[in-house]
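Peer 1: Chain residues, written in single-letter form:
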Amino acid sequence: MAGLVYSLRWAVAISAVAQVAVCGLLLFKGHFRKLPVFTAFVAVNICQGGFLYLVYAHFGYSSHSASVLAWLSEATALILRSLATIEVLRLVLSSYRGIWGLGWRVIAVAYGAVLSYAAIDAGSNVALAIVVADRGFHLAFAVALVACLLLVRHYSIPVDAVYKGLLGGFCFYSCAVVLANTVGQALFLRQFADFQPIWQAATVVAYGVVQVVWAVALRKPLPVEEKQHALLPASIYQEISPEINQRLRLLNEQLMQIWKPEVTRH
Amino acid sequence: MSPTVFLFFGFVAILFLALGWALREPRERRKLQTYPRALEEGGQRHLTYLPQMRQAFAKTDYDFLAKRASREVQRRVRRERAGVALAYLAALRGDFEYLLRMARVIAVLSPEVAAVREFERLRLTAKFVWQYEMLRWMLLAGFAPVPQLDGLSDLVSGLSVRMDAAMKELGERAAVAVKLASSMNRRGLDVV
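Chains as they are written, first to last, in the working numbering: chain R, 430 to 695; chain A, 785 to 976.
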């Protein structure tokens, strides 16, 4: 176990260096102008590391005060993470007003549904409420993000590699946290004494990987924001979209007509 | 390991797969600029052969063969009919995909999109794909259902005048946007 703790320290150090590198790229390459919230998120994460170091040094790692302060700082980081993700998605979809309108509704519904489940789950599990709520948040986040990305793919909207890297990193990290929290919870319930270093190692390594992916992605210049495409008048969608749906329905009926005689024969 | 752990691992695996698929570059990227052209190309060329197809599926033909022709000939006719039915199915699918493509272009280029309509389309697509595949496998397995061709011409005999007008407008606007972008590029300006 001492070996794991030693490795964990190295992982934390590498992750911190990678975070500083990402922050440097954001500042020196001028990306912060286009990604202000994302830059704030990365900066807050670095500050959070320093803040936690001071908190643990002052209150001790296992104290109640340290735990409360740590989770409060985590809540701030989570809020900024959500806002940063929305910022990137907004940049991807800014030229497609209608799809963005649909996209944020998809995000809201997916997020709300999974988060409600997580809240109920956390409420019924008081001993591990924070861990379960944290897992629920990351799960809701990942589901909402994947749902929005599927929507983007469905409409064949091009996404620049830089934004793919950023969004993929957010999603990967959330999925990793869900797994780490699940395994950590299972180990805790089995009264496995050293579950904490394992849980921490999993999250730190995942975060380090994401930082490296972001650093590689952010080396390239951000795409020039596309001019708003020449949009069709709203009336065209209002008129044609129901008509297309009606035709699709009729084509389905056409298939049913072929299907029915065969079904009755058997 | 408890079932909860397996459940979460499974769910996260699905999320990873979906993420990978969503971020993967499509093999054939249909960029917005090419949409109007693609729509113009979309067609109902199979309509030209509709009378022949109707004839091929006519019940009277089959009755006539049953009385006069050998079993071998009847089998061959049945096989050929199945081939025609498969082609007909493929044509229906082509029509369906053409409409979907058009719906996507219009949604992407609309200032407002109704979630209900878009999800209705997803539901219809899932239903169509399911029915299509079932029918195709039935035909391949040798069951030859007789399609009802009546009404097909009404369905695919061109889209309404409003739709044609919208496509024209879409093409014109896209052309203007492309011209504007290329002229700005020539002058070394950002398209912002």
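These aren't lab readings, by the way, just hints derived from the structure by calculation.
Bear in mind that the values here come from a model prediction, so they are computed numbers and not experimental data.
A virtual CB, placed ideally from N, CA and C, is assigned to each residue, including glycine.
The reader is advised that the hints may include incorrect statements.
Listed below are several chain R residues computed to face chain A (Cβ distance under 8 Å; list not exhaustive) [stated by the list, open to error]:
| # | residue |
| --- | --- |
| 1 | 492 |
| 2 | 585 |
| 3 | 615 |
Peer 1: All hints are to be evaluated individually against the structure, with a verdict given for each.
Peer 2: For each hint, the structure was consulted:
1. 492: The hint is violated - residue 492/R has no Cβ within 8 Å of chain A, the shortest such distance being about 30 Å.
2. 585: holds (5 Å)
3. 615: holds (5 Å)
Checked against the numbered hints given earlier, this structure breaks only hint 1.
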